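Turn these sequences into a full structure, and let the hints guide you.
Here the protein sequences line up with chains A and B, keeping their order. Anchor point for the first sequence: position 241 equals 241 in my numbering, and the numbering is continuous, going up by one each time. Anchor point for the second sequence: position 88 equals 1088 in my numbering, and the numbering is continuous, going up by one each time.
Hints in this document: simulated from the structure, not taken from any laboratory. Predicted model only: the values in this text are computed from it and were never measured. Some hints here could point you the wrong way.
[Stated by the list, open to error] Pairwise CB distance ranges (calculated): (1) Gly31/A / Val1034/B: 51 to 61 Å; (2) Asp123/A / Gly1044/B: 34 to 44 Å; (3) Thr63/A / Ala1176/B: 41 to 51 Å; (4) Val1034/B / Arg71/A: 28 to 38 Å; (5) Thr1041/B / Thr160/A: 46 to 56 Å; (6) Asp123/A / Pro1165/B: 35 to 45 Å; (7) Thr160/A / Ala1169/B: 56 to 66 Å; (8) Asp123/A / Ser1005/B: 29 to 39 Å; (9) Arg71/A / Ser1005/B: 22 to 32 Å; (10) Glu131/A / Ala1124/B: 28 to 38 Å.
[As the list claims (entries may be wrong)] One side only, chain B facing chain A, incomplete, derived with CB under 7 Å: (11) Gln1015; (12) Ala1017; (13) Ala1196.
[Unchecked claim] If you want the footprint, here are the derived chain B segments under chain A, 3+ residues with CB under 8 Å: (14) 1005-1013; (15) 1087-1096.
Glycine included, C-beta positions come from ideal geometry on N, C-alpha and C.
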Amino acid sequence: MAEEVIRVRGLAKSYGDLEAVRGIDLDVRRGEVFAFLGPNGAGKTTTTEILEGYRKRTGGHVTVLGEDPERAGRSWRERVGMVLQTLNPDPYLTVRESLELFAGYYRSARPVEDVIELIGLGDRADVRARELSGGQQRRLDVGMALVGDPELLFLDEPTTGFDPSARRHAWEMIAGLRDLGKTVFLTTHYMDEAQRLADRVAIIARGRIVATGTPEDLGDRESEPARISFRLPEGIGPGDVPAPAPEVGNGAVAFLSEEPTRDLNRLTAWALDRGVALEGLEVRRPSLEDVYLRLTGEEPDL
Amino acid sequence: MSSLSLALHQFRFDQKAFWRNPASVFFTVAFPIVLLVIFATIFGNDTIEELGGVKTTTYYVPAIVTMAVVSATMQSLVMTLVTARENGRLKRGRGTPMPAWVFIAGRVNNSILLSLVMLVLITAIGRVVYGVDVPWERLPAVLVTLVVGAAAFCCLGVAFTAAVPSEDAAAPMINAVLLPLYFLSGVFIPESEIPAGVLHVAEAFPIRHFFEAFYAAFTGTSGSGFELGNLAIVAVWGVVGLLVALKAFRWTPRGG
Chain A
1 MAEEVIRVRG
11 LAKSYGDLEA
21 VRGIDLDVRR
31 GEVFAFLGPN
41 GAGKTTTTEI
51 LEGYRKRTGG
61 HVTVLGEDPE
71 RAGRSWRERV
81 GMVLQTLNPD
91 PYLTVRESLE
101 LFAGYYRSAR
111 PVEDVIELIG
121 LGDRADVRAR
131 ELSGGQQRRL
141 DVGMALVGDP
151 ELLFLDEPTT
161 GFDPSARRHA
171 WEMIAGLRDL
181 GKTVFLTTHY
191 MDEAQRLADR
201 VAIIARGRIV
211 ATGTPEDLGD
221 RESEPARISF
231 RLPEGIGPGD
241 VPAPAPEVGN
251 GAVAFLSEEP
261 TRDLNRLTAW
271 ALDRGVALEG
281 LEVRRPSLED
291 VYLRLTGEEP
301 DL
Chain B
1001 MSSLSLALHQ
1011 FRFDQKAFWR
1021 NPASVFFTVA
1031 FPIVLLVIFA
1041 TIFGNDTIEE
1051 LGGVKTTTYY
1061 VPAIVTMAVV
1071 SATMQSLVMT
1081 LVTARENGRL
1091 KRGRGTPMPA
1101 WVFIAGRVNN
1111 SILLSLVMLV
1121 LITAIGRVVY
1131 GVDVPWERLP
1141 AVLVTLVVGA
1151 AAFCCLGVAF
1161 TAAVPSEDAA
1171 APMINAVLLP
1181 LYFLSGVFIP
1191 ESEIPAGVLH
1201 VAEAFPIRHF
1211 FEAFYAAFTG
1221 TSGSGFELGN
1231 LAIVAVWGVV
1241 GLLVALKAFR
1251 WTPRGG
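Here's what the structure looks like:
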């Protein structure tokens, strides 16, 4: 059984009358990338900052690397790396200097040159942070979090506001962190980011955990009905289709199937029998995005 | 690293960042020199009879050093600490094993070093360009006064950041406090031109006392140059600043 790096029980935080976090449980195991997913204002950042030791909780128990972050001291911070939402390099220091500065804060730092390689800024090492792109500054942030060789890394919305290519670069780097054996606690409001990077995901909405699991089986996605759709062949009415509760729109038919194998067989047999083709035939499982939107109460129309 | 070497480590990088920041270098280093040249050019080699026939330039060299010290300490700390706070850099620093005071110590050392650099620069320009005497025989008094003042205005700067809500507010707020006090305290206008009532108002604030102490040390109007009364008032202001700073200093940006 893998060791728990983060253990949270009944965590609550309120600001006056506002309950930002309403009693959540979390377990993050050593060596995994754990994505903490939720819309803005769901309690994501509050929870993360409690785990990082920046905020005090109003209820519940929290252990991070065996200590309570509220009371943890210098030796605990030697073992934790943080990438905050803001871009933190000093604009007037170069990539190498920022890493040297942070390396000096830790007892056993990684060699700066290794970190420069890890974050892929080898050709920008002597450029000042203010001349780097947003994506490159973010990579430097990750480097500044890595240089102390932490066991646990917090990445708080590391790719918010990035263009697609910068995001892909950031993802490659974050995926590489797992290979270094780091435990990563990643907050994001991008479903595809969690899907691409995480071993396990927890979704928070309105201060509560609404789902946890692997990206594959999150929200019981495997057992949800599939949606089968096709264009209605000419001369055939929706009533002729051998399926329960078909919906029709724009000349297309769609229905939800609990047993897609059997329903498809019946459907295609019927079509062959009639000598018609089922154009635009599609079988679709709910995507992680669909599950996410449903769980967070931002469900779209079918 | 030991705490001391950690403070030196921080200081080394703060120095680099300072000299690469054109706004910091202009306001801390270039601007006082420009002011000295302007004042010396306008008032030339007049003498100020009310102050015992002292040459205008002899008056302005210690005056501009006074202003340069306040600028290198209080003004510069307010600007850089508020920026670092609002950009999340202070918060990030608190997430490292580095003790919080190291970060502040790096900046304070930076400010005190710059105060000394400005003393040397302005004294040298005063000597070479305007023939103002260098107070070699009162050097201990000059240095002690400068360091006490620099330390006090560092504390006041760190305390002042607590009142500044945002990065944009830093420059207008600190200038709104300092610029009038430079005028009222006789730093920009010879005190012989200032009504006594106004000087009394200025005496409620530390710049006037620091200027009097530094002027006396620099020009030797009081024997040894030590103006203990004024220096003590400056030190008390510094202690008050320190207490406010310890109580009210914020590491995190607004709303986070």
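Hint check results:
At roughly 59 Å, the beta-carbon separation of Gly31/A and Val1034/B lies within the given 51 to 61 Å, and the hint holds. Against the hinted window of 34 to 44 Å, the Cβ-Cβ separation of Asp123/A and Gly1044/B comes to about 56 Å, which falls outside the hint. At roughly 48 Å, the beta-carbon separation of Thr63/A and Ala1176/B lies within the given 41 to 51 Å, and the hint holds. For Val1034/B and Arg71/A, the Cβ-Cβ distance of about 52 Å falls outside the hinted range of 28 to 38 Å, so the restraint is violated.
A C-beta distance of roughly 53 Å is found between Thr1041/B and Thr160/A, which places it inside the suggested range of 46 to 56 Å. For the hinted restraint 35 to 45 Å between Asp123/A and Pro1165/B, the CB-CB distance of approximately 40 Å keeps it satisfied. The hinted range of 56 to 66 Å is not satisfied by Thr160/A and Ala1169/B, whose Cβ atoms lie roughly 26 Å apart. The supplied range of 29 to 39 Å is met by Asp123/A and Ser1005/B, whose beta-carbon atoms lie about 32 Å from each other.
The beta-carbon spacing between Arg71/A and Ser1005/B, approximately 27 Å, falls within the hinted interval of 22 to 32 Å. For the pair Glu131/A and Ala1124/B, the supplied restraint of 28 to 38 Å holds, since their beta-carbon distance comes to about 35 Å. About 11 Å separates the beta-carbon of Gln1015/B from the nearest beta-carbon of chain A, more than 7 Å, and the hint is not met. Checking Ala1017/B against chain A: minimum C-beta separation of about 4 Å stays under 7 Å; hint holds.
Interface hint status for Ala1196/B: violated, as the beta-carbon distance to the closest one in chain A is roughly 46 Å, over 7 Å. Under a criterion of three residues with beta carbons nearer than 8 Å to beta carbons of chain A, the stated coverage of the stretch 1005-1013 of chain B is upheld, 4 such residues being counted. Note: the stretch 1087-1096 of chain B has 8 residues with beta-carbon separation from chain A under 8 Å; the three-residue rule is met and the coverage holds.
Comparing the model with each earlier hint shows violations of hints 2, 4, 7, 11, 13; every other hint is respected.
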